[in-house]
Amino acid sequence: MSTHPHWIPPEILDEEVEKISSRRAGKGLDNKNVRDNFVGLALSGGGIRSATFGLGVLEYLKSRGWLNQVDYLSTVSGGGYIGGWLSANCVRSFRRNEDWLDEKADWTESIRHLRRYSNYLSPKVGLLSADSWTMATVWIRNTLLVQLCVILSIALLLLFPRLLFEVFDQWPYVGEWRWATAVLFILGVAGIAGNQWQMSRNEGKRFLGIQNSFSCFCLAVLGLVTTLWLIQQLDFNPFADGEVDWVKATVIAVFLILTGLGLLRAAVGWIICAGVETNVWKEKEAPTGIHYSQGWVQGLIVIPIMVSAFLFAAVLWGQTTGTGELAKMDSFGEFFNHAWRYWPFPLSIVFVSFWLLSLFSMKKGKMWLLAPVLPVLVLHALLCAIMLVLHGWAAAEANLELPAHESKWLAFIWAPAMLLFAFSLSVNILIGMMGRQSTEGIREWWSRLGAWLGIYGVSWMLLAVAAVYGPKLVSHIIYTGAWWEGISLAGGWLVTTLAGLWAGKSNSTDGLRNRTVKVSSSVQLPLNLIAILFPVIFIAGLLVAISTGIHLVILDLYEVDWGTAAILNGYHWPYLSSPPVSVTLGLMGAVFVLLFLLAWRVDINEFSLNAFYRSRLSRCYLGASRYTRGERKPQEFTGFDERDDLPMTEIGDRDGRGFPPGPLHIVNCAMNLGGSSDLALHTRQCAPFTITPYAVGSGYWWPKTDSGKSGRLGYQSLTEYGGREGKPTLGQAISVSGAAASPNMGHHTSPLVAFMLTVFNVRLGWWFPNPLKSCRSASPWFSLRYLVKELFGGADDQSNYLMISDGGHFENLGVYELIRRRCSVIIVSDAENDPELKFESLGSLIRMCEVDFNVRITLNVDAIRKTEKSDPDSRCYAIGEIDYNDGLPHGVLIYLKTCMTGQEDTAVLQYWSSHPDFPHESTSDQFFGEDQFESYRRLGKSVASFALDKVVLQGGTIRFTDLLPG
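So the sequence shown is residues 1 to 966, counted in the UniProt record's numbering.
Please keep in mind that the hints were generated in silico from the structure rather than gathered at the bench.
What you are looking at is a predicted structure, and each value in this text was computed from that prediction instead of being measured.
Treat the hints with care, since some could be wrong.
Pairs of lysine-lysine, DSS-like flavour, derived with a Cα cap of 27 Å [to be verified]:
1. Lys62 - Lys27
2. Lys104 - Lys773
3. Lys950 - Lys32
4. Lys773 - Lys727
5. Lys633 - Lys727
Each pair of labels, with its calculated beta carbon distance range [to be verified]:
6. Gly324 - Thr683: 49 to 59 Å
7. Ile567 - Trp229: 56 to 66 Å
8. Leu370 - Tyr558: 51 to 61 Å
9. Gly295 - Ala105: 25 to 35 Å
For each residue, glycine too, the CB sits at the ideal point set by N, CA and C.
I would like the entire structure built from these sequences, with the hints used as guidance.
Shown next as C-alpha cells:
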C-alpha cells in the first residue's frame, strides 16, 4: 500500500478488509486477495432524481445477481437516500433471515412505500395540507431562535461604540491612566521590531533560549527603573499641558521602547521554552525567534495599535476643545510650524519608534539613522491636517452650523481611522526610504500588516456609523413625512433580501459546480451580481434596524419622553449623548445574559433544518425497510416512527451475526474549510469527510503549520465517537451527506451569502465532533462560536467541531473514496443535473484523483455527448481505465449517465415528450409524482441494461477487462 498522505490509513483499511472478507466468506464467495479486487458501486448526488435513477440501477444489478458481489457502496447526497434504503433493508431483511441482495428477493412492498412517499418532504401538498404548514412552522420556529441569537450578537456589538464613547469623552482627563496609550503602542511596535529583526538578520539562529530570555528580562527591568529615575530627576510630567521638552521626551521614549522590546523578547522566549518542556514542540522544532502568525499579529500588533489610535484620537480631541496652545491654532501653516512643540507625549513614542523600526528592518548599513526623517515629517504634517479637521468640526458646532454634541461624535467615529491612515502612510514612506537596504520579505510583511490595519479600521468605521447614524436615518425618514420613501426602502430591502437568498441558493442544489438549470452567461452575470450586492444591502438594513431598536430601548430605560419622530430627529445628538454609562452597561449585561442562555440552550444542530430533513428522509427511505404488516407504528398525529432510523453501527457486524449483511456503506460528506489557512484549499474550500459503520473522519492532510508540524485529520472508531448518545445514525448520515443548502458549501462558500443563509436558517449542515479532539458530546454545548463561523463562512479543521455538509460540495459522484481504496472495479451512477452534458463532476473527479492520489482515469464520453443530437451511435454509458501507478493491473470504471438515446421503453419516451427537461429536471424539485418517479426508475434500469447486459461474472468478482477500449 502506498504511503502517499492521501491514502486511507492502514488500520482503517485493515478493518474494512476484514469485514469484506468475512462477508464474502459468509456469502460463499472468493475471499482471497481481497485487497486486489475490491468492487465498488457509487451513487451520485442529485436529490430524489438521483435516488430514483439509482433505484433502477440497483434493481438491474439485483436481477443479474450482482449486488452480493459489491464490496463498497459509496453514496453522495441523493445517492445516499437510496443507498440508505438498501443498507437498511439489508440489515432488517437479515433479521428476518432473508437476503435482500439475492436476485429472487421481493422488493415490491418496499418500492411501493418509496412511491407513496415520493413527495418525501411533504407527502400531501396544498394550501390546507398539514404537511405543508408543518414545513413552514418548523422553519419559522427554528429561524426565529437562530435570528434571536444573531440579533442579540449584533446588538452587543452595536452597544460597544456607545460604551467606548464614554471612554473617548473622559480619556483626556484620566491623568496617569494615559500611560496605557503608550504601553499599548509599545507592545505593537515591539512586536513589529522583533519580527523584522528575525527576518532581516537572524533567520535560523536561535536567540530565544532560556538564558537569553533571562538576560533580556534583566535588561528590561533595568531600563524601566532607569526610565522612572529619569522622569523623577528631570522633573518630567508626560501628561502636563503646555510646551513639551522634546529632548527629555525623546530620551524617555527611547528607554521605554527598548524596555518593551526586552520584555517581549523575554516573554516569547519563556513561552517557547515552556512549550518544549510540555511537549508542545520538540526541541529541534521549536521556533527560534519571534515569528508571529496571522492570529498573533492581530492580537499583539493590530489590536494594540488600533486601541492606541483610538486613545490618541481622544487626547487630540481633548486638545482641540481645551484651552492649550493646540486649541488656539487655526491654520495648517501654524500647526506645521508650532504644533510639534505641543504634541502629547505618547506621540513622542510614535516618532521615536520609526528609528527603531528602521534599524530592525534593514539588512545592513547606517542609513537607518536618516531613513525615518522624511516619514516623521510626513506623520507630523498628517497630524496637523487631522487637527485642522477636528478644529473645523468644533468651530462648526460653536457657530451652530452643526447640532450640539455632533462634533464630538464625528471625532469619535473618524479620528481613530484617520490616525491609522496617517501611521500607515508614514510607514510606507519609511519603507521607500529604506530602499534596497530592506528585503522583499520585510516589505511583504509590512503590506500584510497594512492590510489588517485597513480591515480593522474599516470595520470600526462601519460599526460606529451603523450605531450612530442608523437611528438618525430612520427618524429622518419618518420625520420628513416621506412615508412612501420609508415604505419603498423597507420594501426594496425585503425584495433584495429575498433575491439575495435566491441567488445565494441557486448554486447549492446539486453537485460541485453544475447545480442549476441551464442558464446563459447573460443570466449568470446578473445572478452573480445579485449574490454579491444584495447581501450587502441586507446586512446594512439589518444593522440600521437593530441600532434603531437599541436607541429607542436606551431612551425608554433612561425615561426620556421622546414622543414623536420630529423630536427624535431634532434631538438625536443630545439623546445619543445624555444617557449615563450605567444604562448602556445594564443593557449590555441583559443582552449578554440572554445571548448566553440562548447559545447554551438552543442546539446549533437540532435547530437547523437538518432534523426536519432527516426525519422525512428516514420516514421515506428507511421506513421503506419496515414494510411487513405491523412493523411500522408511526405516531398517529405526526405520522413519524423514530424507529425507522437505525444506528450506523448496526449496518456493520456489530450484533454477533458473523458478517455484515450488505456492502460496506461509505457515506460521503464535505468538511468545510473556508476558514482554513491551507492555501491548497483556496479553490475547493473543503475536504472529504466519510461516515462508515466502523469509522468517522477524513483523510485530509494539512501542510506544515507555524510549529513545523503536518499531519492528517484522521479517523475515529464509531464505537468511541460522539459520546454515549451522540453516535451517528444512518438517517443522520444520509441527511448530512445531502445537506446542499448550507452557509458553508465548499467551493461556493461566500461570506456575504453565508451571512444571509445563516440568518434565515437555510442550514442543512451539521457540526460533527472533530476526530482529532476528545469531544464527548454530539453537539457544541455553547453554540455562539460556531454560529459566527457559519455567519462568515469561516469553518476550519482546528475547532472542536467540524462543519459537515453535502458530499457534492467536494465530489459529487462518490468515486473519490473508492479510488482511495483502490477498487479494481467501480460502477458509478451519475444522475447530477447536467443538461448541457458538461460532465463537470466527472472532470473534477479526474483532476482531484490525479492531484491527490497520482491516479489517472481515462474515460471517453464522446458517445454520451451524441445523445444530445439523437445520434444512432450514442450511448448512455462509458467504460474507462484507472491507472493506480503501482505496477498492478489497471482498474475499470463503468460510468452510467442520465441521458436519453431514444431507445428507452414507451413509458419513458412518453414522459420525455411531455417534459423536455427530463432527465435533467431541476434538483430543487423534490416533489415527485408517480409518473416522474417511475420514469427515472425505468431510465435507471434501461441505462444499466444498455451498459451491462454483455458483462459476465468470473470467479465471484465482476471483471470487465474484455470491454476496455483497444
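* **Lys62 paired with Lys27 [C-alpha distance capped at 27 Å]** => holds (15 Å)
* **Cβ separation of Gly324 and Thr683, checked against the hinted range 49 to 59 Å** => Given about 57 Å between the Cβ atoms, the range holds.
* Asked: Holds or violated: are the alpha carbons of Lys633 and Lys727 at most 27 Å from each other?
  -> holds (24 Å)
* Asked: Can the restraint linking Lys104 and Lys773 be considered satisfied, given a maximum Cα separation of 27 Å?
  -> violated (46 Å)
* Is 25 to 35 Å right for how far apart the beta carbons of Gly295 and Ala105 are? -> violated (57 Å)
* Between Lys950 and Lys32, does the CA-CA distance stay at or below 27 Å? -> Roughly 26 Å between the alpha carbons, so the hint for Lys950 and Lys32 holds.
* To do: Look at the Cβ atoms of Ile567 and Trp229 and judge whether their distance stays inside 56 to 66 Å.
  => holds (58 Å)
* **Hint consistency between Lys773 and Lys727 [alpha-carbon to alpha-carbon, up to 27 Å]** => holds (15 Å)
* Is the hinted range of 51 to 61 Å satisfied by the C-beta distance from Leu370 to Tyr558? -> Because 57 Å falls inside the window, the suggested range holds.
The structure fails to meet hints 2, 9 from the earlier list, while all remaining hints are met.
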